[in-house]
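Visitor: Here is how the chains run, residue by residue.
There are 4 protein chains.
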Amino acid sequence: MTVRIGVIGAGWIGQDHIRRLTHVITGAEVTAVTDLDAAHAAEVATGVGARALPTGQDVIAAPDVDAVLVTSWGPTHAEYVLATIAAGKPVFCEKPLATSAEDCLRIVEAETAYGRRLVQVGFMRRYDAGYRAMKQVIDAGEIGVPLMVHCAHRNPTVPASYTSAMAAQDTAVHEIDVLRWLLDDEIVSVQVVTPRRTSKRLEHLQDPQIMLFETANGVRIDLEVFVNCQYGYDIQCETVGESGLVRLPDPASPSVRSAGRADTAVVQDWRERFPAAFDAEFQEWTASVAAATAPTGPSAWDGYAAIGDATVQALESGRIVGVAMKDRPAFYAGGTAGGTAR
Amino acid sequence: MTVRIGVIGAGWIGQDHIRRLTHVITGAEVTAVTDLDAAHAAEVATGVGARALPTGQDVIAAPDVDAVLVTSWGPTHAEYVLATIAAGKPVFCEKPLATSAEDCLRIVEAETAYGRRLVQVGFMRRYDAGYRAMKQVIDAGEIGVPLMVHCAHRNPTVPASYTSAMAAQDTAVHEIDVLRWLLDDEIVSVQVVTPRRTSKRLEHLQDPQIMLFETANGVRIDLEVFVNCQYGYDIQCETVGESGLVRLPDPASPSVRSAGRADTAVVQDWRERFPAAFDAEFQEWTASVAAATAPTGPSAWDGYAAIGDATVQALESGRIVGVAMKDRPAFYAGGTAGGTAR
Amino acid sequence: MTVRIGVIGAGWIGQDHIRRLTHVITGAEVTAVTDLDAAHAAEVATGVGARALPTGQDVIAAPDVDAVLVTSWGPTHAEYVLATIAAGKPVFCEKPLATSAEDCLRIVEAETAYGRRLVQVGFMRRYDAGYRAMKQVIDAGEIGVPLMVHCAHRNPTVPASYTSAMAAQDTAVHEIDVLRWLLDDEIVSVQVVTPRRTSKRLEHLQDPQIMLFETANGVRIDLEVFVNCQYGYDIQCETVGESGLVRLPDPASPSVRSAGRADTAVVQDWRERFPAAFDAEFQEWTASVAAATAPTGPSAWDGYAAIGDATVQALESGRIVGVAMKDRPAFYAGGTAGGTAR
Amino acid sequence: MTVRIGVIGAGWIGQDHIRRLTHVITGAEVTAVTDLDAAHAAEVATGVGARALPTGQDVIAAPDVDAVLVTSWGPTHAEYVLATIAAGKPVFCEKPLATSAEDCLRIVEAETAYGRRLVQVGFMRRYDAGYRAMKQVIDAGEIGVPLMVHCAHRNPTVPASYTSAMAAQDTAVHEIDVLRWLLDDEIVSVQVVTPRRTSKRLEHLQDPQIMLFETANGVRIDLEVFVNCQYGYDIQCETVGESGLVRLPDPASPSVRSAGRADTAVVQDWRERFPAAFDAEFQEWTASVAAATAPTGPSAWDGYAAIGDATVQALESGRIVGVAMKDRPAFYAGGTAGGTAR
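Chains as they are written, first to last, in the working numbering: chain A, -10 to 331; chain B, -10 to 331; chain C, -10 to 331; chain D, -10 to 331.
Calculated from the structure, these hints are not laboratory results.
Note that the structure is predicted; figures quoted are calculated from it, not measured.
Mixed in with the good hints there might be a few duds.
Unchecked claim - Covered by chain B, per the in silico footprint, the following chain A stretches (three or more residues, Cβ under 8 Å): (1) 126 to 133; (2) 226 to 238.
What the hints assert, rightly or not - Non-contacting residues of chain C with respect to chain B, defined by C-beta distances greater than 10 Å in every case (computed): (3) Thr44; (4) Pro148; (5) Gln158; (6) Leu191.
Where a beta carbon is used, it is the ideal one built from N, C-alpha and C, also for glycine.
Construct all of the structure, not just a fragment, from the sequences and the given hints.
Guide: Structure, rendered in C-alpha cells:
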C-alpha cells in the first residue's frame, strides 16, 4: 500500500519533504499540496503529479489524502493539526507543534479524546545514528546513572530576523527534545547565563547563551547556544554518568594532512549534518501510517514538553524559572521514548 | 515509472537486495525471482508479490521484467549477463562479473557490439560517503599528485572454506576496484608478500598477505589483507600525494570513557560498515534504468579489470607479475570513473 | 652557580620535590630540610646529602640556604612565607599560598613593602605544554575574543576525608589559576549548581558540582568538578571565541584495536598527567633564583586570587556570589601572566 | 658525582647536546671540547666553562674527562670510538656508529675484547614515551604475536645534498633500530619499491621510497620514507598482531575549530617531535656513567645492525637482498633490548 500524503505549506522545508517523500521514501506519494501562494502550490504539485488545493482544510478533507504533513508557518500549525485529528487522519507536524503551551495542550486533549495517537512532531534527532548509538550506551548501563550533560548547538550564522528568544524557541527545542528522550526524564527548571556577546553579528541579539536545565531526576544540563559562531554547524553532546561518559560522534570525514595541519571538514548546515535522520524519520512515519499503528516518533506530548516559554522567561528575568508542566496523561505512557532505537 | 526487476539467485545476498529493492529503494519493484531451489524461489517471490520462474532465461525473457539482477553462484554470472545483453535489457551483476578474464572479455565484447552500456557490476564502495569525500579531496588537488596508497582490509574471521587465493579473488577485488576509481589509473603489476601466518585460524591459509600493486602512473599501493584479524571488520585507506595525504574516515561512533579507557566500537562486518553505500548503489542504478541512460556505476570493463588472476599468480610464484590487460575499448572511455561523485 | 634550597615539610609532596630538585633539575641542590617529625627530616636529608634542621625558621635563616621551598601543612604556609620575605630570600610555596584571603593579603603587602617579587606559588598547569599551546592559539587571535570556557576536572576517586568545600579549595584552585592566566582576566562572580550525587561514594559529599564563573570581561566559564568519576583523572578545557574554539589535548597515548574496540588509556592520577609541567616549573624557578630576577610563575597575587572562599559560599548558599577582591597593586602589573609562554 | 664529559665535534648537533648536558641534564658537565675549527671550539667551550683542546685524541686522553661524546663528521666516528674504548672510557656516539659494517664490527670486537660495555649509540627513539608505551602494549601481549608493521618517516624537505642512498643510511636507520627493539627481532632481508617521484624537489633523488623488511621471526615491515612530503615531520608506526594492533600516538596538540575546519598542528622537524626523548637518553646515559654500570641504551651491536648497506643495495639492484649479519656475540646477549622501558 502506498500512503497518500497531503502537504500544507510548500515553503522550502515543505518542498524538501515533498522531494523526500517522492524520491527517497518508499511507500509514499504526495497527492495534494496547498500553499498561501496558490500559483506556487500549483507549480510544486505539478512537479510531483499531485493536485493543488485551495486551503489546508481542503487537503485534510481530500479523499485521496491518507495522512497530512504540516509545514506551514508556525502560528498556523495548531489549527491544521487539530483539524486533522478531527478528521481522524495521521498528521506529521514540523516543529513547533504550536507556538504556545496552551495550543499544544489543546492538541494533546484532542488526541487523547480521539483515543489513539495520530500526531508526530518533527524532531528528527531521535533518528540520528549517533544519538541512537549514544542512547544505546546509556540504556545499556555502560556509563552508570546519568548525572550531567554538556551540550553545544552552534550555527555559523543566522539572518537578522533571528531574535534572542528564538535561541530557546527555534534552536534549543531540538536539544530539549533529544535530551528528554536520551535521559527518559523531564525538565523541571531552567536558567540562562549570558556571556559577553559576539561582536561579529547583530547588535539586538544575546548570542551566545548558556542554558542550564535541571531534570526531575536531578540531572544537570548545560547547553551552549551560539548561532553566529562563524566556523560551522557543530552539535556536541556529552553525557556524564556515575562510572563513565559518552560523547556524540562528529560526522565521519576524511582527515587531510597538508601545509602543517592535520584537519577534517566541519559541516556548514543542518542539511549536511542530519540528512539520514530526516530520511529515517519519514520512512518510519510512513510505515506506521501504512500499518495503521501509532507513530513511533515524538508525540504531541513531546511537542508540548519542548516549548521554550520557561527558557525565554529565564533569559528575560535572569532568574531560575520552574517549568510548570501538566501531568502527563496516561495516554502518553511510555513517555519520552520514541524512534526505533527503543 | 516503476522499474520492474527480475532476480536470478535468491541466496542470502539476493534476498538482501530483494529486500532493499522492495522496501528501501524508490521506483523499483521485484516482479520475478528464480533460484536453483524452486520452492525457495516461490517462497521469496510470494513474500514480495513477485512471480517465481523456472530458470534464469525465463526471468530474462519475461515481458514484465525491465532489468535483471544477477546474484546467483559466481560461475553462472557470465551466462546470465550475456543472455541479458542479448535481450537488450540492463543487468546488474554482483561481483565477480565472471570467474575468468576470458568470460569478462566476452561480456565486454558483447556489450560493445550491442552499442550501449547495459552492465553494472556490484562494487559498492564507490558509493560510500567516506570514499567519495576522499576522492573529492584528491580530485580537488588538495594533496597534489598521488604517489602511494596504504590500505588494509581486515575481517574478524572467515569460514574454513576460505582459501589463500580468495584473498585476491573475493576480498581484494573491492580494494582494486575502488583504487582504480579513486586514482583513475590502471594496475600494471602485482607482488604478494607473505608475513608470518596467524596461528589463530586455518592451517591451510596464508593469512595475512601484503599485496603490492603498481599503477600505470607509477603509484605504489600496499594492501594488507588479513581475514582473521579477530578484532573487527576494519577498512583503512590512506593516499599520499606530493603535498599532503588523505585518510578514509572510520565510521562515526560515540566515544566512551570508562574503566580507565577511552574507546569507540569497531564494526564487526561489512553489513554494518557499508549499508548506505549499498542503498545508494541501487538507488542510482534504478534511476539510470528508469531514465534509460547508461549506468553510472562500475562497468563490465571494471569487472574485467578487477579480476584477481595476476595476484593469485603472484602469491603462488612469489614473483612480481605483470597485469596483461587488453587495451580499453574506446567504448569505455571515461574509464574508471563511476558513481555520481565524478 | 648552584642554587641551595631549604625545604620546610618533608611529606610526600615535599619528598617528591626534593627528588626533583636533586635528580631532575639542573643548577639546584637541597641543603637543608625540616619536618615536624625530626627523625623523618634527618632520614630524608641524609638521602640527598643535606642537613636536617629543627625548625622552619632555622631553614629560612641558614646561611647555606639561598631559597626556600614551603611544602608543609597548608595552615602553616603563611607564617613561613612571611618569614622568608622578611629574610629577603626567594620562596616557592605549594598551593595554597594561605588558607584565608586575609593571610594571602598579608603576604601581598609584605612582598610589596619589600619592593621586589620573592614569592612563587605552585600552580604548575601554566607550565603544561598543552595549556601553553592553547594559550598561544588564543593569544595569536586564532579563535577571536574568548566568550566562554567549558572545563572539567575529574578524579577517579578521593579519600573519605575529602569535603564538599574542598572541591573549591583544593581542586578548583588549579582551574581558577590557569583560567585567569589563559584569559588574562579576573573572576568576578561564582555560582555552584549541584547535580544528582553519585551513589558510588561518600554520603557526606556533594559530588559532582558544576561551578559557573563570570569574569571581568564577561567570559562565562562552566567547570564540572567530579572527584569520584571512577574512570580516570581527566582534565578537559575548551575555550570558545568569536570565530572558533580551541580544546586542550588529551595526553598522547598509543591507540589499540582489539576485541571489537579502538581505545586509548586514560591516566589515573595527576602525577601521570602533569610530570613535565612540574619539572618545567621548578627548572624555571631555579633559573630565576640563580639569575636573581623576579620569578616568572604565579605570584602572591595569583595565590590570593585563586582562594576558593566565594565558591564555597556559593555552594553553601545556592546563590550567585560576587568575588570581592582588593584592587591589584601596581606592583603586580603584568598581572596574571606567568610562565615563559607569555 | 658530576660526570665530566669531553665533546668531539661542535657542529650544531654537538652544540645542542652541549646545551642539553649543561642546562637540562643533572649530574653532567662539559669539561673539554674540540672541533676541526679551533676558534669555534674555543668559543663554544668558553660558553660553558670548558677547555678547548686541539684534537679528539686530546679530549679522550684528558684526565678531567670521564666520558666522551662523539658528534663529529660520520666517517670519523669509528676512529674516535675505538680510541675511547682503548682508553677504557665510556663513549656516546651519535649515529651512525660508523659508515661501514666493517668498522662497526671492529668496534664490536674491540669492546668485546675490553670485556665490558662502553659504547652507546644515539638512537633516541627508544626513549620516546610513545614508542615506550607501544612496546609495553606489545610486550604485555595485548595485540598477540606481531605479524606486520606499517611505518612512515616523512620530512617536509631535505637539502640538495641529500642522496637516494641517504634514505637508508641517514633516515631509515632510526626506524630500523626502533623496530628491532620494538619487536626484539632481527632483519633478514630487504627490498625497496620505488613509487613515482615527487616533482616538488630534486631531480637526482628517488623520493619517496618504500622499504620492505623481513625479520627472523617472519614479521613483514613496510616503511615509507618520504623526505620532501612538504606538509610536516610525521612519524607513523602501526604494529599488527594476531589479535589486535597498536598505533604510535601523534604528539599531543590542541585542536582548533575555525573557518570550516577542525585541525591540529603537525610538527615541522625532529627537534619538535623528540625533545623529551633526547633529554631522557642523555639523562639515563649520564646516570649509567656515574654509576659505572653498562649503558642501558643502544649498543655497538645495535649500531652495526642498523647499517643500511643492504637497503642501499636493494634500492640500486631492484632486488630482494639478504642481510648477512655476523652472529651476535654472547657479549651482547639480552640483545636488542635497551632503554628503561624493558
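Visitor: Each of the hints needs a verdict: does it hold here or not?
Guide: Okay, the hints, checked on the actual structure:
Here's how the segment 126 to 133 of chain A fares: 3 of its residues keep a CB closer than 8 Å to some CB of chain B, so the rule of at least three is met and the hint holds. Residues of the segment 226 to 238 of chain A lying with their CB closer than 8 Å to a CB of chain B number 7, which satisfies the three-residue condition for coverage. Residue-level check passed: C/Thr44 sits 44 Å from the nearest beta carbon of chain B, beyond 10 Å. Look at C/Pro148: its CB is around 19 Å from the nearest CB on chain B, clear of 10 Å, so calling it non-interface holds up.
Every C-beta of chain B lies more than 10 Å from that of C/Gln158, the closest at about 26 Å, which supports listing it as non-interface. Separation of C/Leu191 from chain B is adequate, the least Cβ-Cβ distance of about 20 Å exceeding the 10 Å criterion.
Checked against the numbered hints given earlier, this structure breaks none of them.
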